[in-house]
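**Q** Chains D and G, in that order, give the protein sequences.
If you count the first sequence from 1, position 111 lands on 112 in the working numbering, and the numbers rise without skipping.
If you count the second sequence from 1, position 40 lands on 98 in the working numbering, and the numbers rise without skipping.
To be clear, the hints were calculated from the coordinates, so they are not data collected in a lab.
All of these numbers come straight from a predicted model, not from anything done at the bench.
Take the hints with a grain of salt, since some may be wrong.
Claimed, not checked - Distance windows between CB atoms, simulated:
| no. | chain 1 | residue 1 | chain 2 | residue 2 | range |
| --- | --- | --- | --- | --- | --- |
| 1 | D | Leu61 | G | Lys100 | 17 to 25 angstroms |
| 2 | G | Lys127 | D | Gln42 | 24 to 32 angstroms |
| 3 | D | Leu56 | G | Gly120 | 35 to 43 angstroms |
| 4 | G | Ser110 | D | Ile13 | 42 to 50 angstroms |
| 5 | D | Lys72 | G | Thr169 | 39 to 47 angstroms |
| 6 | G | Pro76 | D | Lys72 | 47 to 55 angstroms |
| 7 | D | Thr77 | G | Ala59 | 25 to 33 angstroms |
To be verified - Short derived list, chain G residues pointing at chain D, Cβ under 10 angstroms:
| no. | residue |
| --- | --- |
| 8 | Val62 |
| 9 | Phe92 |
| 10 | Tyr94 |
| 11 | Gln96 |
| 12 | Leu104 |
| 13 | Thr109 |
| 14 | Phe148 |
| 15 | Ser152 |
| 16 | Arg158 |
| 17 | Thr161 |
| 18 | Gly163 |
| 19 | Ser164 |
Heads up, the beta-carbon is just placed ideally off N, CA and C, and yes, glycines get one too.
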Amino acid sequence: DTGVSQNPRHKITKRGQNVTFRCDPISEHNRLYWYRQTLGQGPEFLTYFQNEAQLEKSRLLSDRFSAERPKGSFSTLEIQRTEQGDSAMYLCASTKGVQGLGYTFGSGTRLTVV
Amino acid sequence: AQSVTQLDSHVSVSEGTPVLLRCNYSSSYSPSLFWYVQHPNKGLQLLLKYTSAATLVKGINGFEAEFKKSETSFHLTKPSAHMSDAAEYFCALSPSGSARQLTFGSGTQLTVLP
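Chain G on its own, in the form it takes in the complex (with noise of 0.2 angstroms):
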């Protein structure tokens, strides 16, 4: 069995200030996972994933996340939050090196003020 778990169902975060987005994951597989956003009345967008190569992803808009095994974390970070960063935010995981489904956390609400 797997399971996501979003800590937090709502970020607020002044322009310009560092953003973290929490992810815990339970998984009997090794996992790969992934950062979606998704920006109201849209299909969900690819951030970033992980895919059992650098524990430390790259993403795209300068977001980036870290895979700790031991915590069974995979939290999503930026330096400086942007107006265009507002947005629902979603961890998935899906088990390793196979095209199974994707199971999702609840979201995370990023808002971003002025």
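Okay, chain D solo, but in the shape it has when bound (with noise of 0.2 angstroms):
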């Protein structure tokens, strides 16, 4: 068991561009959050996944995002057409069953819009 990993850890990319990242959980967790995180903030919730069913999506989660979980081990989020204001720490979560045993995150993805 390694963790909650997430690729790459930092990306930095030019405004309009698409972006993708990676979450891969531990193996036996069977769900996974999506939470973003700016500068002197709490993490943000964005989505959840029970498998690979995306059971909900915040408000943040414009247009332009969108999440998937094939097969209901990793993850990928990808943000299209990037703004200024995705620039933040995208952060990955995963656990098994309810939430007894607590959640487990990932170091984050840094994006970085120019």
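Once you've looked at the hints, go ahead and assemble the two chains, each given alone in its own frame, into the complex.
**A** Next comes the structure, spelled out in structure tokens:
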């Protein structure tokens, strides 16, 4: 068990470009969450999956954002036509069953849009 | 609706003195409550969690927190601060018994002075 892995760790992109991030959860965890964290703030929920089903999406997840979790394993978060306001740390977390076990977070992907 | 308020954005203590980080919550459900720590450019690490068992919860690295329903508080304490405790601390909640997403406070930056 190597924990939750996120790639890349850092991404710098030009405004208007598309970017994709990947999250590999702990293998037996069936629930996977994406959060966004801006400087000086706590993480904000974006979306979550139970297995391959996307069960909830925040209003923060605009039409330019899409997330997938094919086969209920790794997940990708894509941002199309990036804007400077998308610059943030994107965090992935996973858990098994109900949250009594706690959520395990990855180290995040820091996105900078220039 | 639910929310988390961390009452201090910055706390500064001297090494060897007690730490108190304050968290108040508002929730229409019976909550589960969590404290996470985040070191610079790292993901969030779970310190401790309350999930409707004992109201005094012991966590890692000597931290503990007490759930006080009457005061809607879940303050984090440590008897003696260590230099390595310097980090950002986040209080979070989710509805008890579910795997719904976490709602985070805005964080408290802890500085430990030599």
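**Q** Under 10 angstroms is the threshold here; is the Cβ of Gln96 of chain G close enough to any Cβ of chain D for the hint to stand?
**A** For Gln96 of chain G, the interface hint holds, since the closest Cβ of chain D sits about 9 angstroms away, which is under 10 angstroms.
**Q** For the hint on Phe148 of chain G, just tell me whether its beta-carbon gets within less than 10 angstroms of chain D.
**A** 5 angstroms, holds
**Q** Is the distance from the Cβ of Pro76 of chain G to the Cβ of Lys72 of chain D consistent with 47 to 55 angstroms?
**A** The hinted range 47 to 55 angstroms holds for Pro76 of chain G and Lys72 of chain D, with Cβ atoms some 49 angstroms apart.
**Q** Note whether the CB distance of Thr77 of chain D and Ala59 of chain G lies within 25 to 33 angstroms or breaks it.
**A** Since the Cβ atoms of Thr77 of chain D and Ala59 of chain G sit about 31 angstroms apart, the hinted range of 25 to 33 angstroms holds.
**Q** Return the status of the interface hint for Phe92 of chain G: holds when the least beta-carbon distance to chain D is below 10 angstroms, violated otherwise.
**A** 7 angstroms, holds
**Q** Have a go at the Leu104 of chain G hint: is there a Cβ in chain D nearer than 10 angstroms to its own Cβ?
**A** 5 angstroms, holds
**Q** Is the interface hint satisfied for Thr161 of chain G? The criterion is a beta-carbon contact with chain D at less than 10 angstroms.
**A** 7 angstroms, holds
**Q** Measuring from beta carbon to beta carbon, are Ser110 of chain G and Ile13 of chain D in 42 to 50 angstroms?
**A** Holds, at about 44 angstroms.
**Q** Quick check on the hint: Tyr94 of chain G CB to chain D CB, less than 10 angstroms?
**A** 7 angstroms, holds
**Q** Is the interface hint for Thr109 of chain G satisfied, with its Cβ closer than 10 angstroms to some Cβ of chain D?
**A** This hint holds: Thr109 of chain G lies near chain D, its Cβ roughly 5 angstroms from the closest one there, short of 10 angstroms.
**Q** Minimum Cβ distance from Ser152 of chain G to chain D below 10 angstroms?
**A** At 6 angstroms from the nearest chain D Cβ, Ser152 of chain G passes the 10 angstroms test, so the hint holds.
**Q** Identify whether the interface hint at Ser164 of chain G stands, where standing means a beta carbon of chain D within less than 10 angstroms of its own.
**A** The hint holds - Ser164 of chain G has a Cβ within 10 angstroms of chain D, the shortest such distance being about 5 angstroms.
Figure legend: structure checked against the earlier numbered hints; every hint is met.
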